[in-house]
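Peer 1: Residues per chain, in single letters:
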Amino acid sequence: MMIVRSGFGPWLQSWARVLHFAGYALAAAASRASYSPATRAVTLKQIYFTAWQILPLFLLFAGLLEFILIRIIVAVSREYGIADYALDLVLGALVLELIPLLTALFVALRSGSAIATEVALMHISGDLESLERAGDDPLAVEFVPRVAAAVVSIAALTVLANALALVIAYGAMYGFSPWGFGEFTRVFGKVFGAATVLGLTLKCLLFGAAVAVVPIAAGLEATWKVKSAPVAVLGGMVRLFFLLGLIEVVSLAARYI
Amino acid sequence: MKRVGVRSCLAAFVLAGCAGAPPPPDWQLGAREALAGFERLYFGGDTRLAEQEFARAKSEIARTGRGDLLARAELARCAARMASLEFDDCPGFEARRADAGPEELAYADYLAGGRERAATDEPLSRLVAAGVKLRSGSIAPPEIAGAADIASAQGWRRPLLAWLGVQAKRARDAGDAEAAARFERRIDIVLGKQVDRPRQ
Amino acid sequence: MAAERERGVTFIPRDLGFKVGMLLAFTIAVVVAFLLYVLYARGVFEATQRLTLVAENAEGVGVGMDLTFSGFAIGTVRRISLAENGKARIEIEVPRADSKWLRATSIFTLERGLVGGAKLRAYSSDLGDPPLEDDAVRLILRGDATEELPRMVATMRTILENIEQLTGAGGGVQANLANLRVLTERMAGKQGLLGGILGTEDNAKKVIASIDRANALLASLGGVAARLDAVVAKTDQRVFAAGGVLDETQRAAAQANAILGDVRESLKKVDAILANAQGASADVKSATTDLTALRSEVEASLRKVTGLIDEINRKWPFERKSEIRLP
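One line per chain: the protein sequences are F, Y and L, in this order.
Heads up, the first sequence is in this note's numbering, so the first residue is 2 and it goes up one at a time.
Heads up, the second sequence is in this note's numbering, so the first residue is 403 and it goes up one at a time.
Heads up, the third sequence is in this note's numbering, so the first residue is 18 and it goes up one at a time.
Hints listed in this document are in silico derivations from the structure and should not be mistaken for laboratory results.
A virtual CB, placed ideally from N, CA and C, is assigned to each residue, including glycine.
Hints may be right or wrong, so weigh each one.
[Said to hold, decoys possible] If we take Cβ atoms under 7 Å as the criterion, some of the chain F residues that face chain L in the derived model are: (1) L45; (2) I55; (3) F62; (4) L90; (5) A157; (6) A164; (7) Y175; (8) F182; (9) T186; (10) G190.
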């Protein structure tokens, strides 16, 4: 029988755990000791699974979505006579807000649940304890690499998807001619101020951190019973999506208010 | 467009001489008279005498050494032949083309059908115009009858025979035997077949 | 790690490190390119010059707005502040590459229509003038359509008031209408139109009397004119009629003509005699024309012309009634 934890108290407790673990992860990431060849290997593997494996599919999906959205925006803005602002809209809405969020959700869906399950199973099967007994810090060996990998992957995927979006936007507005480059640069310069670029970077980092931290914390909630794993994962995913949404809202507020 | 026929041109400088100025030189009078004789004889039907008159006219003009006047005389002859439906490309004038002035060249163009020119009220001018039109194919039937009338009024046998002949042929081609016969009868009158002629 | 422990679960490629390294390297390259592009787009690599525009009222202008020249953006507003004299200072950054369009005599305007935002525009009348110097300060001309609205409303109000006055009880329109009524009443009276215009009946009678006198005068004038006509006719007679002066002159001229004509005739006779003489001297046998020869000649020439006649026949076929005429 599944024991479902519900109620406000346990919910707060889960969040407290997330924050607790986030603090640890941050501290560990900052310390030199975490960067050993072993951890590097884990990190690389995690990046491989998170980012490289789905790169072609992701870029295809992102490209298609961007293409359709940009075409719609350009066509509708031309119809309403506000074609001058089409590029503004594409850069502001698509590149700064939509693509990072979608990338984060994509990675969260794929790798977040995998990480949560993995950690939960490791916790249940006692691998973590055996690591501790062996003298390796599980935080450093298993968790920090995953966090780092998630951050790097989301950042990389976001960057690549955004680059694709910029290329598609130029193509949709000006075709293959180089004459629109000056105009494009001008609007680009207007939209991407120093504050905006920093904000985008911060948002990507936060997304990346969230995608790894919350599932790991959720995985660690699992008890010795195997059946507690799905519950943990479930709770973790919900919290993850909630956190992603929160980050997005905060960034929007910071930009426009 | 000048509204003067060639004959009037010659007449003009002859008459200019008559209008109170010193009397014209006798070459002028002689040439004028010879050309008039040529016209009369040619249209009357005396080809040989007409040619003699024309030769005399040319010799009178040649006394002045003016090639353009000679060309002009040739044009007058050509015009007379045109009026009688004897079409050629004026070989006499062509021989003198180098000497011809702009007026003569213009008139030569007109005879060749190259340009248009309004005819004066003089019967010869109108007849020449009718001949040019027939040659260029732009003549209308009333004008054919009109040309015959002009020749008839002047008593010019040759052109009258020519124009009546045209009308007779047209009637024959149209299958109108009675009209053709009528034209033939007129032709016969001109040729003296139905008239008692003095026997020589 | 579960993945490592059970080899069959996940496939780990050998060159994993290489692949991930490539991905990271590529991503970092894109990021660097992106940052450089941002810097380039922001004009960090561009030399710029500063232009300050002073306006009475900078309403509608925001930081980041473009200064346009002929519809192209050549500068960006970087800062808007209030000067000590209470006027607004708009600081604009113009890239050096575009500063050639701005001259020392350029004019700057701030336009604001009824709808929409403000527009900063620059106009240069003569591109040969000296170029705009760095850190130049210029006054900006301001055109605001919304400022005209109160004036328009006020004018409309005045017009409406005037109309009200005109059409009101004591106004001009009423007075005119009253006058018109009196006029038409008079016209409907005994003397009719005349009475209406002149006012009283006596005046109308006077006018009619004077018209009668004028008529009488014209009648008498008519008599005088008739007499003049008669005189002119007589003169005509004397001069132009048969036996009159002109006729005599004409007769004299005609006589002179006749004399000349006679002379001409005699000359012609001389001509004819000469011609005949020549003809006679030429050949006695052909005193009369050889008609058979003539006939054959004419037939020969007609044969040559057959083609032309056929053409004409095609265009206008022979019609008896139009072509046979009595001479």
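Peer 1: If a hint holds in the structure, say so; if it doesn't, say that too.
Peer 2: Quick rundown of the hints versus the structure:
no. : hint : in the structure
1   : L45  : holds, 5 Å
2   : I55  : violated, 12 Å
3   : F62  : violated, 17 Å
4   : L90  : violated, 16 Å
5   : A157 : holds, 4 Å
6   : A164 : holds, 5 Å
7   : Y175 : violated, 16 Å
8   : F182 : violated, 11 Å
9   : T186 : holds, 5 Å
10  : G190 : holds, 3 Å
Of the numbered hints listed earlier, those contradicted by the structure are 2, 3, 4, 7 and 8.
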